[in-house]
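These protein sequence lines map, in sequence, to chains A and B. No gaps in the numbering here: position 53 of the first sequence is 53 in my numbering, and each next residue is one more. So the number in my numbering is just where the residue sits in the second sequence, counting from 1, plus 1000.
In short, the hints are calculated from the structure, not lab data. It should be emphasised that the depicted structure is a prediction, and the values quoted were computed from it without experimental measurement. Every residue, glycine too, gets a C-beta built ideally from N, C-alpha and C. Fair warning: there could be bad hints in the mix.
[Unchecked claim] Facing chain A, from chain B, some residues (calculated, C-beta under 8 Å): (1) Ala1056; (2) Leu1058; (3) Leu1060; (4) Ser1063; (5) Ala1065; (6) Leu1067; (7) Phe1085; (8) Leu1091; (9) Trp1093; (10) Phe1102; (11) Pro1103; (12) Leu1106; (13) Ala1110; (14) Arg1133.
[As the list claims (entries may be wrong)] Counterexamples of contact, computed for chain A against chain B with all Cβ distances above 10 Å: (15) Val155; (16) Tyr156; (17) Pro170.
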Amino acid sequence: MRRRERLIVAAAVLAFVGFWEAMARLGRLDAGVAPAPSTVLTALKALLGRPEVLQSLGVTAWEVVAAFLLAVPVGLFLGFLLAEVPLLSALFRPLVNFLFGVPKSIFLPVFILVFGVSIPQKIAFGVFTTIFVLIVGGTAAVQSVPRELILVSRVYGASRGQIIREIYLPAMAPILLESIRLGMVFNITAVLLCEIYGARDGIGYRIAAWGENVQMPQLYAALVIVALAAVAVNEVLRAVERRLAAWRERS
Amino acid sequence: MTRPLVAIRGVSQHFGTDGARVPALESIDLDIPDGQFAAVVGPSGCGKSTLLSLIAGLRLPSSGAVLCDGEPVTGPMPRKVGMIFQEANLLPWLSAIDNVAFPLKLRHVAKAERLDAARRMLDLTGLRGFEDRLPHQLSGGMKQRVAIARGLVQNPAVLLMDEPFASLDEQTRMVLGDELLRIWSETRKTVLFVTHSLNEAVYLADRVLVLSARPGRLVDDIRVDLPRPRSFAMTSEERFGTLKDRIWQHIKHAERR
């Protein structure tokens, strides 16, 4: 059944691309807006052979990874603190909830003012955007731990360390992994937004430039690269999530 | 009679600080001999569960002392006490057998040894063949069987049961009651069984302890002189009714106050 579903999806995608290709070749699509998939593919191959494009991809990847590595531990730690320390929760919970709901893009000019148009600015903005997801997720993860299970482990003589290892960690894992995955989605979006808004390098910078110069095949090729990379990251994190959260009831 | 396995000496328990002190239990004195099946009943909020958590060492009494197997209770005593709650409270990410083995894992017992012990307990509670199921793949009654197996896996002297069948449907409850009596007759644990059901108390226990409304005091201590093994037919006998009625008089009185 699953295999059949996959085949159907693959067939639908192929049909769509084929239809697009046919329409473009028949001249029914404006090549300035929607070039043929084969043209995009040619551009994609050419792009991947250009060192400066690879360098841009590297810059973006570095910014994304650095922001992620900073935001995840710091955000989760702050989330745990908010969950466990009532005073901090009373002080900062309203602020976090407020900022969580505000579109982070409006702060982008402030980041440029403080950091200049630079790689640290991209990383800082990535962290700023991502960290709220992880704070809220970290708090929710702690609160999702069933109190009764802690009680049971105490009856059976669990130490504090054992309660953390045997109860907290596995109970929190699904929500933690989900927040990490969501955070990564926000993080990639934030870094690309930064690059498109103003940068000296990075794939977002290239996309903005190709867009301004109406280099549509290059633009679409870059979109394909970014989309594939984002989906790959997302799927890897989802696979980890599925493995560690198999005990959750399937809905 | 054998020496008391659980001894409760002048135990009072209140919650809150001096300003707003809520008494929960007052001057309880009680001896439970080794191997006895004692039921604890009383009106809602009389401190039945509090009494169990004192014996489990989950909290310390405001005054008085609790002794378990001759030793003062100052904290949880996992090797002496097994506890079963209203909900099975299984770890949802562990299979049935790993849940049963969990108390042994906390004590760093080698894996093969603890799985062996857990398998024996699952056999005892009638769950052979369900070792690898996750909790969400088990029915309510089966989950509670796993919880009982977990409670027994360290071969504790005392089994504390806090309304263990209260969330189950009536038929499952009756089947599990009989199962519990079979397990008890095979293992001869000392059982303290908190329940809201007078039927359950009289049917299962050697002795029914009746607590008054808050603050809980021991108002009656009834010996259930029905022969063992118990059978469903006994529940319609006169003696069964007389015992139940005696308990009901206390509860009725308390609930009206």
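Task: Ascending list of hint numbers which this structure does not respect - done: Hints 3, 4, 5, 6, 13, 14, 15, 16, 17 not satisfied by this model.
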